[in-house]
Amino acid sequence: MSTQSHRTRWNWSPVFFVGPFLLLFSVFVVWPLISSLILAFQQTYGPGTTIWVGFRNFSYLVSDVHFWTAVSNTAIFTLGSLFIQLPVSLGLALLLNHPKLVGRAWLRLIFFSPSLVGLPFVAILFSPIFEKRIGLLNVALHALTGGWWNPEFAWLQEYVMPALILAALWIYAGFNMIYFLAALQNVPKELTEAAEMDGCNAWGRFWHVTLPEIRPVAGFVTLLSVIASFQIFELSLLLLNNIGGESDRGLTIVMYLYQTGFITGDLGYASAVGWVLAMVLMAITLLHRKITKAFDED
Amino acid sequence: MRDPFSSIRRVLSPGAATVILLAVVSSVLVWRITPSDREGMLFWVFASTHYETYLNTLPKWNQENPDKKVQMHILNGQVLERRMVSGFFSGTPLADVFEIERGLASRAFTGPLEDVGFLDVTDRMRESGFIEQINEPSFSPWMTRGRIFGIPHDVHPVLLAYRSDLVEEAGIDVSQIETWDDFYRVMRPLQKDTNGDGRVDRWLLHAWDTDNEVTQILFYQAGGSYFDDEGEAQLNHPDHAAFLARLTTWIAGPERRATDLAVNAVMSLKQRLAGVVVATLLADWAAGGWKLNMPGLEGKVKLMPIPAWEPGGRRTSVQGGTMIGINRNSPHTEKAWEFAKNLYLSEENTEAIFRKSSIISPIKTMWSLPFYDEPDPYFSGQKMGRMYIEQAPYVPLRPSSPYANMAQQFLGNALMSLRAYADGNGIYDQEQLVPEAQRLLDKAQVRLQREIGRNMFLAKGEES
Numbered sequence: 001m002s003t004q005s006h007r008t009r010w011n012w013s014p015v016f017f018v019g020p021f022l023l024l025f026s027v028f029v030v031w032p033l034i035s036s037l038i039l040a041f042q043q044t045y046g047p048g049t050t051i052w053v054g055f056r057n058f059s060y061l062v063s064d065v066h067f068w069t070a071v072s073n074t075a076i077f078t079l080g081s082l083f084i085q086l087p088v089s090l091g092l093a094l095l096l097n098h099p100k101l102v103g104r105a106w107l108r109l110i111f112f113s114p115s116l117v118g119l120p121f122v123a124i125l126f127s128p129i130f131e132k133r134i135g136l137l138n139v140a141l142h143a144l145t146g147g148w149w150n151p152e153f154a155w156l157q158e159y160v161m162p163a164l165i166l167a168a169l170w171i172y173a174g175f176n177m178i179y180f181l182a183a184l185q186n187v188p189k190e191l192t193e194a195a196e197m198d199g200c201n202a203w204g205r206f207w208h209v210t211l212p213e214i215r216p217v218a219g220f221v222t223l224l225s226v227i228a229s230f231q232i233f234e235l236s237l238l239l240l241n242n243i244g245g246e247s248d249r250g251l252t253i254v255m256y257l258y259q260t261g262f263i264t265g266d267l268g269y270a271s272a273v274g275w276v277l278a279m280v281l282m283a284i285t286l287l288h289r290k291i292t293k294a295f296d297e298d
Numbered sequence: 299m300r301d302p303f304s305s306i307r308r309v310l311s312p313g314a315a316t317v318i319l320l321a322v323v324s325s326v327l328v329w330r331i332t333p334s335d336r337e338g339m340l341f342w343v344f345a346s347t348h349y350e351t352y353l354n355t356l357p358k359w360n361q362e363n364p365d366k367k368v369q370m371h372i373l374n375g376q377v378l379e380r381r382m383v384s385g386f387f388s389g390t391p392l393a394d395v396f397e398i399e400r401g402l403a404s405r406a407f408t409g410p411l412e413d414v415g416f417l418d419v420t421d422r423m424r425e426s427g428f429i430e431q432i433n434e435p436s437f438s439p440w441m442t443r444g445r446i447f448g449i450p451h452d453v454h455p456v457l458l459a460y461r462s463d464l465v466e467e468a469g470i471d472v473s474q475i476e477t478w479d480d481f482y483r484v485m486r487p488l489q490k491d492t493n494g495d496g497r498v499d500r501w502l503l504h505a506w507d508t509d510n511e512v513t514q515i516l517f518y519q520a521g522g523s524y525f526d527d528e529g530e531a532q533l534n535h536p537d538h539a540a541f542l543a544r545l546t547t548w549i550a551g552p553e554r555r556a557t558d559l560a561v562n563a564v565m566s567l568k569q570r571l572a573g574v575v576v577a578t579l580l581a582d583w584a585a586g587g588w589k590l591n592m593p594g595l596e597g598k599v600k601l602m603p604i605p606a607w608e609p610g611g612r613r614t615s616v617q618g619g620t621m622i623g624i625n626r627n628s629p630h631t632e633k634a635w636e637f638a639k640n641l642y643l644s645e646e647n648t649e650a651i652f653r654k655s656s657i658i659s660p661i662k663t664m665w666s667l668p669f670y671d672e673p674d675p676y677f678s679g680q681k682m683g684r685m686y687i688e689q690a691p692y693v694p695l696r697p698s699s700p701y702a703n704m705a706q707q708f709l710g711n712a713l714m715s716l717r718a719y720a721d722g723n724g725i726y727d728q729e730q731l732v733p734e735a736q737r738l739l740d741k742a743q744v745r746l747q748r749e750i751g752r753n754m755f756l757a758k759g760e761e762s
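These protein sequence lines are chains A and B, in that order. Numbering follows our numbering, with no gaps: position 296 of the first sequence is 296. Numbering follows our numbering, with no gaps: position 257 of the second sequence is 555.
Excised from the complex, chain B in its bound form (with noise of 0.2 Å):
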């Protein structure tokens, strides 16, 4: 009997044969694969808190508009980010709106205007009015060049949450403070030795030199900030060198006060519970995050506006920030812009984005809302909405600017040198500090400007 596949087999060995058969196979597999048939927008969040607050909103939007209908999926914030930036770069298939968090920013602005990948929404923010209804300083972040590219989500303003069991327990009265130097002084009792092993293991403060988020938390609470008015450079203010040098009398020397907490996320939650910092300076966002993570700290923690670093000073500062944005290129920006207000500015939505994440509006008319006065357990009672909105106003300017990240971690490396410098010269004394603090940021400085320098695009920008 013939062999059928003997002249297969004179040209190809059973392996090659095989080889070519798994090619023909997965590629029409592949070929008859049919794009998911997606029902109207897309929608990318990376906070899975924000995800859990829409899951239980979004429903009734896509049932009161059949024709915006939005499917939302969520994704690692750097996850969304390659994406979304690969996508504005090279045009690949991208959501329609995106919640996008501020660092993010800098990523996608500093190229030409025109190639911005979020569609620019400063009009429609002016005649829909809510420029005048948003706080001022929430926009910031999602400028660039005078124009807007999103919907700021929130304030984010810091207050300074403290271990109240502690506290009350050593009989210290917080009211007594107002300034940094008042708070040092009053909760002292509190930093000790706990184990009796001769080295202190608690501390007042979170804050170290090398947490670049808390030392940008104080700086903009002392006022700094990394550009004048006019956009230029401007590191190396000496108002500037005096902060690094103050701070770092606090994380070294015999006056010591702060500490750092593990990198690694389980770890630090671990030394909090444990009491190894008494005192936190924390966002709205991150209360949210507190009450998720550290159930174990109910009824044990109370917050309190920041201790001022001078007399009447500013008693809060600002960290973090979401936008929506809608992707330029979408069909249906209409729709989009559409979702988007109604996602943030609506007051369900509202309400359901504090319930769930602790972050209050950035809209000012609705901060009279009676949910911010509901007591909370979790800070032992107290009216945390109310109070986060009390300080709202008073939240610091941030930089537009696409080199803020940038000039936050020149700040964060002067202020590591400077601690390096202090520790090996046993200089603890800040007037003593403040010239070395301010030859690290002059040359801080001139990398900060060379950088921006470089970027030919936005001088190109800048003359037209």
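With the rest of the complex left out, here is chain A (with noise of 0.2 Å):
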């Protein structure tokens, strides 16, 4: 009988807590993604006033230059982070992980602290070294080109994306290091002396041993990378002074996103370009999934 009445029972506890999380993940995030899926296609001017326009954000969204200016630069920034930024993350790590090499330590803490610091800090402190003619950059380039370097190369206004690119390696490159130097840690030493009696040079032993070895880790740093860099907003936003640089040269899709919701308060486009952002990024993570498996399967 007593069995019978506690098999019956019903057990509380798993609610209690799960419970919490459940309130907080469906009042922070569930709702608020119901909101902006119904908001994308509306007008709004803030959240108070709105029109119903169907699909007419998302078509709009076609045919803005401004949207497709802002794709362009997001996208070619994701490729300098991932064409420059992981190249040079992984030469620092294989540097790094040599044994031989005497303060390894400290050259480690000196390379991964840029990252300790937030986005925001390398924004105020590279905007001074980007400066035409009196900038640091322009200054040393100038130097050490031996006065061929145009001092008055413009950083800020006509190559924002390279100096973008170049404000985030700066942030970025010990942080991801620190992922390859975690994978390169963790190749069996066996299998490169075994590469290496059997008469493989560096190279040979570092794209057949080295390189499949941490691919995992390589393709979560790319996704990771990927990702972050389609988010990439505060560095511009506060590198170029809430704008998107000269003719939008660095407006990125989240900078638009914010300026279309809370510059003009249109929360309803920019809700649009949020949801087309998610499914870029989601797809992205599909093919990438689809990328991993087939190299498992090889």
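Since the hints were derived computationally from the structure, they do not count as laboratory data. Just so you know, these numbers come straight off a predicted model, no measurement behind them. Backbone N, C-alpha and C fix where the C-beta goes; we use that ideal spot for every residue, glycine too. Warning: the hint list may mix true and false statements.
Partial selection, computed: residues in chain B whose CB lies under 7 Å from chain A [said to hold, decoys possible]:
id, residue
1, G409
2, D413
3, T508
4, A560
5, V561
6, N562
7, M565
8, L567
9, Y676
Using the hints, put the two chains back together into the complex; each one sits in its own frame.
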């Protein structure tokens, strides 16, 4: 009898433990997601004044030059992150994983330390560095090239994306280096030694042994970098004084979302931009999974 | 002995117990906090010079008007803007009265007229006669669809400030200057490589394609207008193409005469002090800023009316603008109106504002006040106030469209593209640049019209 009653009694413990999370998740994630989806089909002037516009926000988005400029800039930044930042991070990791390197621990700390500060700090730091004529970068390049470099080089006007990629490189190269360093330390020594005995040179060992071994981590870092790059916001916002820079050359997708939603007050259009960004990121993640799976099957 | 906490320990770990205890204590503390007792109305300002001026005048107002006391807070401009717009949108508590900068208008006026967060003061302005007393161009940034939503604080005429020390040292007589062509011809000897590195490091004018503010000052001075009298966008007016082409010849090519300064504020001050530019377009409020931020230029600068684009043309322009607005949902709108009127329209405050920030009053009857005729040692003894007032009646009208900022941005983008085209093709002749300028403006016009057409609230307002 007592066994029967124990079996039918509702156990509240899981609800008690999961409840707070479910409540917070519903209020701060699920409900805003549903709201933003509804908003994406409305034109708004603040949240209180709305007009139902159907798919108009999305159709406008397709032909919105600002949006495509933002997409193109963000894509350039992402490619810069992938093809400059990650190789630099991997290179640093390989260098700082070398057992004979003196002061490895200090160097690791030095390269990692920029990521201890936030992006706003980076923006404030790099703003004077990128100045024309008197900025540190132009002055240094002018001196180093014996006067060949034009100190009027307009980093923050005409060459915004290279400037953003450089600033991001400074903060993220050391951060990604840590992932690669951890992966490199897990590469079995016997594999590299065997390759060495088989006559593999340094490049061969890296290409045929190290790289396949660190591939899962490299894939993870690549995905993280792509997602973070697509979400770039504070750096460009602060570096370019709240605007998209000359001819919108520094306008990114999230910056455009912010401008539309919080400067002009059209939360509906901003939601549409946000949902398109979410779809793009979802597609990238799925693509990444497919590629990873294909590699694993090989 | 029995452990009194044993039953609690059986259920909660020490860590969990600590977290719960902290949560309870902090909840009680937060619950106990009572809102600060605010006496009277709340007034938000963003400009430190205004804040300092009002600090001197507010105690007297509070003393004389115990039923209309005001508490003033200074907020960073962007913070004020975000909080105010959020408050208008969501109904969160806001100040009763705010001072805001004209850039905010586009944010505050894009929705339906009935949703504008400021009190509509059109009828009050009319009844009190201020509409006639205030310089007409001062109203335009604070209007939308024919209604006025604030009292203008200023006129903000623009003059040309030049380095009199350099000019006089070179024996140049500025009285020969009437037009921009005169200016560049007369000042030409001052543009030079001062450190011998083969690059020019002193330029005649501070202007650049990336500096939308300067471009807009020159645009208005040249008679440009983003919208026609009916409020229709006219960014691609042929005169605007000619303007952009001419401006491009100032900033690119062999006849380049202008330069930009550092984006970083401190660095740009240093460049000014070093004499990187000879002349700068300077609004009255900016003159006050120079005195504050660059005391080293005292006695080394002078003002003159801006050279005209054509002989007999306009010698001034306009930049910036502030208004005092009343929160439509404030429980004290009548008292706030009385306060705003006193703050902006009293003689005493007008003098205090001028002395602190060099800003001249928009009230025409105040223009004869004697303090405007005092010589200013900063501007080498010139009667700075009077010089600005002389140009005030000629300040161009600005559009009240919420899309004015967007139009300004599109014009700036067109200029940047035109300069890139000029540099890319080695074309620096004004006439040859006009077709490309027109093409760029046609493109910008289409974009501007699309953006305006997308706003269903404005379309609804027009229908009604």
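Hints, one by one, checked against the model:
1. G409: holds, 3 Å
2. D413: Check passed: Cβ of D413/B comes within 5 Å of chain A, closer than 7 Å.
3. T508: holds, 5 Å
4. A560: holds, 5 Å
5. V561: holds, 6 Å
6. N562: Hint holds; N562/B Cβ to chain A Cβ min 5 Å, cut 7 Å.
7. M565: holds, 6 Å
8. L567: violated, 12 Å
9. Y676: violated, 25 Å
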